[in-house]
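S.K.: All chains, please: the whole structure from these sequences, using the hints.
The listed protein sequences derive, respectively, from chains S and A.
Here my numbering is used: the first residue of the first sequence is 1, the next is one more, and so on.
Here my numbering is used: the first residue of the second sequence is 1001, the next is one more, and so on.
Treat the hints as calculated values from the structure; they're not laboratory data.
Some clues are possibly wrong.
[Stated by the list, open to error] Capping the alpha-carbon separation at 27 Å, the derived lysine-lysine pairs in DSS-like fashion look like this: (1) A:LYS1009 / S:LYS287; (2) A:LYS1009 / S:LYS257; (3) S:LYS257 / A:LYS1053; (4) A:LYS1053 / S:LYS265; (5) S:LYS251 / A:LYS1117.
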Amino acid sequence: MRIRLISTCVVSFAILLLLVATPSLAQEPEEQECWACHRQPNLDTVAGVEAANQLCLDCHGEADTFKELAGQKVPLQVDGATYGETRHGHLACTHCHNTVAHSPHQETAPLACGDCHDNLAQHIANGDAHLTVECSACHFEPEAVVRDAESGVVQQSGVDDQGMALDRTSHQMTEPVDCQRCHYEGNEVGASSAALPPKGLLCFACHDASPVLYAGSAFGAGAGMRTDWVSAPALLVFCLGLVVASSFWLKGTVHGKAGLSVDEKLSYIAGDACGIFFSRRLFTLLKYLVLDGILLRRTLRESVSRWMMHGLILWPFLGRFLLGVLTWCAASFWPAAPLTQTLVNKNAPPVAFTYDFLAFLIVIGAIWALMRRALDSQMREITSVGDVVITALLGGIFAFGFVVEGARLIVTQVPGAQAIYSFAGYAVSLVLRQLPIDWPSLYSYLWWVHAALVAAFVAYLPFSKFFHILVGPALATVSGLLREKE
Amino acid sequence: MGLDTLSVKQLIELDACTRCGLCIEWCSNCPEIGEPIAWPREKLQGLKSLARKRFGIRARLFGRGSPTDEALEYFSTSIYDCTLCARCAEVCPVGIDTRSLWVAAREEMVERGHYPKPFDTLRETVTTQYNISGDNNEERLIWSENLEAIPDGVKGKEEAEIVYFVGCTPSFYPQTYGIPQAAVTVMEKAELDFTTLGAEEWCCGYPLIIAGMGDATRELVEHNVEEVRRRRATKLVAGCPSCYHTWLHEYPMVIGEPLGFEVVHMSQLLEQLLADGCLKLGEFPRSVTYHDPCDLGRNSGVYEAPRNVIRSVPGISFIEMKESGRYALCCGGGGDVAMCNQELVEAVARRRLQQAQATGAQALVSACQQCKRTLMTAARQEKVRMRVLDIVELVAAALEG
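M.R.: Below, the structure is given as structure tokens:
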């Protein structure tokens, strides 16, 4: 009797076991988090972090933990004590390796740096988001990097340049970042031979850039505080020009009163400005700013062709500037937003197309202006040496702008299907490719020429005919306001 | 005066010129002169050069520069060969108020002694005889002697609601006597309480102001204001757009306070009278076109009042000229140009007359005695059978009864 009871229980348990086990035997093992079986520690506590890390170190603390890569054994041993001394030593392993604590035990995504470091804005402030470069490629040792053939992403390499497997378990950060890890002659990751400075305040007029002249930087040998040496001198001369012009203007009378000192004049002007800004006349001011200063209504009244020509230059400029401002604001305040990720990506189709299209319109407007000047005898234009200089500078900026973009598309190995959205730059790149030139080496020189031309243009602006770009709309607005007052 | 009175805005305007040349295309005088000397753009650059030599950074560091006499003479010629019609200001893409710059440039030329010498005579005449013709100012009402019945207002009243400011040209130049004659007839018909100032009407000062001699006008201004105030008038009606512009814009600045009475142009008064039904007009079956006086249109912004008056006349056919309103070509008679370049005046007037002829209108109506005088002269010289009328003459001709 007792034996029958035991037999019945054993058989029943065997059947139950069979019923439970059969599905799992018939399928692949399910993806499960480690914590589905292991007790999930509280990672917000030191004890929880230590407990979680101990689970990892149970295997990764052993010397014989490795993986196979290119037929070689790549060590995966982590020294817990050494890790604890690093910058991230207070964090659980899974804090950064947040896709690895699964079954199967394999990392499926890059390190989750962005979960803590909302520093996209800082990267943009330093000139470039390096969107196709993984954080670890710059910030972690060892320094070998490789460009993934499929995704085009630059990342840390598992092997060195001799093909020998690398130990990537030190968790030591590279401080300061060494740009020459990628930026050297003959690199294979699609970087220019020379590292370029970040796009600065001047570039802000047409690109997403940093509107700061002096800022902290984590990059390069000069890491620390950096000065925008492209923008600063140009803006210094530009401001000097404004001071010279203002000192001339302030010799005039205010409210018909002669003999006033400069501070008295400024006081009157400031009073008038406040009277406008803090009254309903502000809307009148905005009306004239938009209609006469931006939409060029007065020009339209006299000549549609002249209006179109000016509009093709002014409005795309404004468009590029506003797009740059929008990008900077988005990166500063909402760095993780999908729109921001698109805006900062100069290869993203809408961004690439918009920037190129606006630049294309400016070129059309400039050509139109030159043709009017050359062909229309009624215009009686006068051209001084200064006019030629400033026009040549502007032409050079655009010519080199397109060449720089074409060279960038070549150097950074942007696939044709993506590069075509930068249609003007892509067309230039197709031509440039035919030339027997080492573009990664030349790219930085082209960039510098473009930047130098912009700097020269801005510095010369207050002393040239093109000063009307600033004074004209302002005067048209004020004139409209005064006429309305009368 | 001159450069020293240029405002901050005016100095900014000198820097804002894009040298686009649109002002040259629209300049009333440039086609007749054909040389860069007359181009507004060149005048502005000349004024900018003078201002830079006085206020520019180089002048402040190394002392003021002084242009040569030849350069000043060249600039003077360019600045006085201008009718001040302000078409250049109207079309300027950045809205530079060129007319006030030209007046400031003339003031500067007067200060430097580089101006046409006939202007010395003008200043002497206006400040001693109180009119531009040099006639005895006691004869200011000589135009009224041909009237069948002289209204009380013409003889002069101690007090009246309206002061009719006749102006120098129709007071002393027979070609335009018909304008005040028509004006007082219409006002009498409308039963308005008006008066003239008679011999106490002095030149408004406009010819001196635009000659760059505005500092000589204070006595004239103060006298005229005092005479109008003494008559306790609530409204001043100017028959001349230049007088109207001067009363409206210059007088309050000269005396440093509001005038205390309304200033209107005759065309505005007529528009009001017709709208109020104070005047009954009969048929006037003619086709007419209208010439905008520069000081009434562009310089004072009155475009619709005279047109409304014309459209109020029964049976009339109104045709606009190709260049009208804001874009109206000058008659050539403005800016005191007649004192130093009569040929230029006649050439511009001929062009305006041709534009009027192109409409096929039988009569050319204006609202300014100087425009009427200039265009009448051109019509006579060109033997064009086109009647030239002032707006008030048109209304008087259409009055019923």
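S.K.: Does LYS257 of chain S lie within 27 Å of LYS1009 of chain A when you go C-alpha to C-alpha?
M.R.: Measuring from Cα to Cα gives roughly 13 Å; hence the hint holds.
S.K.: Below or equal to 27 Å on CA atoms is what counts here, so check LYS257 of chain S against LYS1053 of chain A.
M.R.: OK: LYS257 of chain S and LYS1053 of chain A at ~22 Å, within 27 Å.
S.K.: Check the hint pairing LYS1053 of chain A with LYS265 of chain S against an upper bound of 27 Å on the C-alpha distance.
M.R.: holds, 22 Å
S.K.: Taken at face value, is the distance from the CA of LYS287 of chain S to the CA of LYS1009 of chain A at most 27 Å?
M.R.: The hint holds at about 20 Å.
S.K.: Keeping to a limit of 27 Å between CA atoms, is the pair of LYS251 of chain S and LYS1117 of chain A held or broken?
M.R.: Judged against 27 Å, a Cα distance of about 31 Å means the pair is violated.
Going through the hint list in order, the structure does not satisfy hint 5, though it satisfies all others.
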